[in-house]
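> Please put together the full structure from these sequences, using the hints given.
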Amino acid sequence: MIIWQTPAGLALALFMLGLLGLLARRSLVFVLMSIEIMLNAAGLLFITAGMRWGNPDGQIMLVMVLNLAGAELALGLILILRLRNRITNLDGDAANILRDVP
Amino acid sequence: MMITFYVAASLTLLTTALAITRSNPVHALLYFVISLVSMGVIFFTLGAPFAAAMEVIVYAGAIMVLFLFVIMMLSLNKVTVHREAGWIVRSVWVLPLFLVAGLGSELARVFLGGGSVGMIRVVSPQEVGVRLFTTDISTVELASVLLLTGLIGAFHLGRKER
Amino acid sequence: MNLQGAVPLVILTILAGGLPAVVAIRRSYRLICAVTGLGLLAALFSIPYALRATSPALPELFTFNALSLGFIGLILISALLILVLAYSYWQPETPLYREEFPLLFAAGTLGAVALASAASFITLFLGLETMTLAMIGMIAYPHFRPAAEEAGLKYLVLSGMSSAFVLFGIGLLELASGSLNIAHIVASSAADAASQQMLVAGLAMIAIGAGFKLSVVPFHIWVPDVYVGAPAPTGAYVAVIAKIAVLAILIRTINLPGANLSASMSTLTTAIAILSMLSGNLLALMQDNLKRILGYSSIAHLGYLLVAILAAGSIGQVAVVFYIVAYAVTMIGAFGVIAVLSHASDVRDVDKITELRGLFWTRPALAGVMTLFLLSLAGIPPALGFIAKMYIMAAGVHTQLWSLLAVMVISGVIGLFYYLNIILVMSMKPSDDAMAVSILAISIPNRLAIAMVSLPILAFGVAPSPLIALLKLMFD
Amino acid sequence: MITYLWLIPALPLFSSVILGLFGPVMGPRVSGAVGTISVGLAAVLAVSIGLHWISHPPTNSIYEQTLWAWITLPGFSINLGLYLDPVSLLMVLVITVIGCLIHLFSTEYMHGEDGYSRYFAYLNLFVAAMLLLVLADDLAVLFVGWEGVGVCSYLLVGFWFSEPTNGYAARKSFVVTRIADIAMLAGLLLLSTKLGTLNIQAMLTGAVATWSAGSLMPTVATSLLLIGGLGKSAQVPLQTWLPDAMAGPTPVSALIHAATMVTAGVYLVVRTHALFLLAPHVLDAIAVGAVITLLVAAFAGLVQSDIKRVLAYSTMSQIGYMFLALGVGAWPAAMFHFLTHAVFKALLFLTAGAIAMRLNHEQNIFAMGGLRSKLPLAFWAFLIGSASLAALPIISAGFFSKEMILGAVAAAPMPGLILWACGILGAVLTATYIFRVVFTVFLGPLKTEVSGSYGVRIAVPLVTLSVGALVVGWLETPEGLGNQTIFSRFLTPAVGVFHHLPVSFMIPLLGFAAPLLGIGIAYVLHRNGTWARATTTMPSKLTIFIRSGCGFDMLYDELFVVPYMTLVRVLRHDPVDSMFAGLQYLAIVAHRRLRAMQIGQIRRYASWMMAGSVATIAILLFS
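Chains as they are written, first to last, in the working numbering: chain A, 3 to 104; chain B, 907 to 1068; chain C, 15 to 490; chain D, 380 to 1002.
All clues stand as given, with none of them false.
Sample of chain B residues facing chain A (criterion: CB under 7 angstroms; computed from the structure):
id: 1; residue: P931
id: 2; residue: T986
id: 3; residue: L1063
Derived Cβ-Cβ restraints for the label pairs, each shown as a range:
id: 4; chain 1: B; residue 1: H933; chain 2: A; residue 2: R86; range: 18 to 24 angstroms
id: 5; chain 1: D; residue 1: A990; chain 2: A; residue 2: G56; range: 36 to 42 angstroms
id: 6; chain 1: D; residue 1: T589; chain 2: C; residue 2: A80; range: 35 to 41 angstroms
id: 7; chain 1: C; residue 1: V361; chain 2: B; residue 2: H933; range: 36 to 42 angstroms
id: 8; chain 1: A; residue 1: G56; chain 2: B; residue 2: R1068; range: 51 to 57 angstroms
id: 9; chain 1: D; residue 1: Y383; chain 2: C; residue 2: A455; range: 38 to 44 angstroms
id: 10; chain 1: C; residue 1: N16; chain 2: B; residue 2: E1067; range: 46 to 52 angstroms
id: 11; chain 1: C; residue 1: P459; chain 2: B; residue 2: L920; range: 56 to 62 angstroms
id: 12; chain 1: C; residue 1: N16; chain 2: D; residue 2: T589; range: 53 to 59 angstroms
id: 13; chain 1: C; residue 1: L275; chain 2: B; residue 2: L920; range: 42 to 48 angstroms
id: 14; chain 1: B; residue 1: S981; chain 2: C; residue 2: L52; range: 42 to 48 angstroms
id: 15; chain 1: C; residue 1: P109; chain 2: A; residue 2: R86; range: 15 to 21 angstroms
id: 16; chain 1: A; residue 1: I99; chain 2: C; residue 2: Q105; range: 22 to 28 angstroms
Residues from chain D that keep clear of chain B, each with C-beta distances beyond 12 angstroms, as calculated:
id: 17; residue: I433
id: 18; residue: N458
id: 19; residue: H490
id: 20; residue: L583
id: 21; residue: P628
id: 22; residue: V667
id: 23; residue: L762
id: 24; residue: V850
id: 25; residue: M885
id: 26; residue: Y964
id: 27; residue: L965
id: 28; residue: R971
id: 29; residue: A975
No lab work stands behind these hints, which were simulated from the structure alone. No residue lacks a Cβ here, since even glycine has one placed at the ideal position from N, Cα and C.
Structure representation (structure tokens):
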């Protein structure tokens, strides 16, 4: 028997892994992937909630999350493709022509 | 069921951890795909077969393949992978780990409380479909606009200048 | 299905879905802008009809009442004004296809309206994300500008992060309560202490997402870069419409039966308000970039707004909405002046303060209205911003939030420095290259848009009672 | 007639808008005409209302005109309304008539300047704001006018923006007065919350009914209002901005920094005098502060070499006299001195401008000399103005108003005599420093080239004001000189009956003697060349001390010099600023710190947001 805390804890762990990747990795490819990991973790949380209460809300939310993940990834990838010419190796730290440090 | 769940959960954790630490993006992405597939298994064990199918077909099968194609288009070679590896040094992880540990420990507290254990009720695809196409029909509409927005944005940004 | 109450939303959905068809049939920028404008107008004028609805439309997912329809009206009016600015901004010689901008614009407005009227976390999230994705497209729209591209990417990544937080928060709320209905979650009490903790944690994560969209300290960090990188009309969109929509759902939630600001929530809001007011104004202090100043100033203004939100009671609420109105028209005006002066085909907008030098000489009327906007932002009579600030202060005095008021006053003084500096620079003798500004032709729609924002700023600044009477209706 | 009262502020406001929008198109001639005529019409209207008032005063000598509701909140509302009583009528008359003359003067003075129409737009806007200030029936509306004149002053001081110092001075004057304004705003809020209204009359009635004299509330409220007034009126310790404000065009100094705006503090106290009567300690403080101001400023005036700075310090000092009168409760005396001062100080400033005009904008008095025969009109005008400022007995207007103040001060309870003695000392100094200027500028050998000539638009204001500076004093004369009381009787409905209290015969006698003594000193020092020598030799420490405003600048310097040493070193030439510079420095440090966060890197931004999230969740979960 699975108690709902276990998948919820797993979701939290995945969320934190995603955050870790987002904060630590310089390559924009990995940054996008980390966001996907975080969204996916949230999806797991919805499924867990659906399981706890036995209703379809969780699965509906997951569909919407997939929606967002796809759309956001498409935009992100296009921007990365465009940036490739300017920023070697897709180094996120190099994308800083907009800044306020004189 | 329980064993399946735990196996899949460990696999998910492991492959996700691998995904964020690899230096070769293609490898990382493949790890992530595995993590998504095992996530689908988890969904199934949690009584959400529809979500499990979606996760595997749409997320792992479509979205991640898109990701993979783009990475291949970026034509990353050995040099870039090598440079990427050079960025993954221990010092890079210190601050993020510290912050993540802070947030994680705060949030982990809320799961520690006791909860009820009940039978898992399988919420069938039919149930989900009925909801989606009756009461929640307007959310489907909104979701379609969301996708359309992403599409138009990507279409415009991907286009050459006039 | 009775959709009378949801008419504005329906019209916008048809608009957002139909516009690509229009583009497919005939790729004409003017036609598409006209259709978008007409669609927004139709949605705006359908509000009175929607208000007369007797039975609630789509009650599970949306709430259409005086409050949410009021905010929808505000969003639509702001969107129309920004659309006019955007129409003239994308001149024909811009090296890109202009027709997709209105598409994104309409979709984003639909998202904002859905967010402002959401009753369920599903619609809240979908509205929020539709708006965000549309804004990413609009920020990076002039993709031949490296800055725009970079701003788009920054916004994408950071808003992606905040979306993940919001989603996780919604997940926690659902896990704790078993419902996605906002009113239900607000009204129900937690089953046990663990659920209670989970509700608070979920709320906190949603607050982080809201803080990001509202650009309050400490989630403000993206603001200046995105404002500078985005083309001026998008800047106005990000600064105004996104914030109105988020504030709308926030205020609606606070007004739900059973909602009350917990002690820890007001501590948090107080801290955020103080930090936002001070840092926003301090950051703007020595800036030479107008868009950056507007970004920082919006941070400070959201801080003021939080003060008003903290001041409970009906004065506080009218004060909030009044402040939102004042903020919205002023920001649109200020970004409008930048849009008017800029060429979309250039690699960046005219946003350096030094580029405004001598504006009083070359374009006195434009400099005059810009001064009015700056006075309004600084809260100096007779501009609308003064009354708005006065209202917040009155609300604050009423609820005895003395420390917040003190910070508000101090940061207001700091703010004066940079607002007045801009006025001073505008009144300086023009440098030679500034003369280029004088030969720039300002299109009729632009003149109209700027006049339409400056008039209410002055008129309601002198006689605000009609506006207040109108806004009070939202809370009846 | 009186129903057209709203036109008085509306006319200049309207003209200002017209000039602001269409000024560049209209050209200088039309702009100047529009600007002057609008104020002229307001002046005509004001005078006819005034004449009508004297023959048919309205009930209770109060006329109220409600325009529309401005802010309405439960338990708190502001109606935009005008309130005319003898005090505000007097202010309106002074503002419009003198304003009109100064506009006329400006049309010639500013001839050929860039931004001619902009200048008149600002000047008109100023007049409108000042009229709103004095006519307001509500403290909030008054505050609007109050801020409005501040903004206009800022814009006009910085009018010649090509020189960076002017912009700096403009900003400084605005910021210093702003700090005072915040105190005032706090006072307004306090009053509104405690009394539930901001309508001045309702508030005063409420205050008198609810508070007892000397209790805490009125003391705090009046103190806050007073700080606002002190800032606007350039009184110690918020006086430092006024000399710097002289960077603006001279007619601006005449109108704003001498005749009208700087007396707003006096007006505020008179307008709310019922409230101040509940706070006797505050009144005492006003008197003491006023004496300090008038002495400090008079000493500072003694060592300036820039003619406009001398006049600036004299303004400070004369307003000190007005505040002294307020401190002892002699409201009509303060208003009377306001009237005469407005006339003679506007005259002095305009004459100074007229002189500078002919001398290629020279303002250093030691670069002038022997101008008596070259510029007879300016000489006579300046002499009359100086006589009035020095309070030369009988023939000058300033004498009567100063007599009225000093008489009232001497008759005041105990510390009165000390205050009076200081006032007399101030009078001696006043006569000394102004005649030092007169002798240096007009006597002796000719030192500079004189060019050009005066047109009628310069002559008319100078002559009119000269006549005014000679005769307005006869509106109110002490016993023994006709015992005329037209002025105080006119004000009686608003501020109560004024009694010329009997004082020892020595008091008026010394009042006679003081100016003459001062002029004598000035003449002797002029004859033996002390004045001129003081500029060529190294100034003594004392001179430097006095020149910089009697140590207030130094005091601020000392207070903040240790922490902000580096900054002060940069600003050594203007140590006045160290206090404000200190705050500014703090703000800049904070700004730099915060700005360092904006490094432009996504990863760093995400980390900051993450840190914010950790804090947010911690606050919500654990507090």
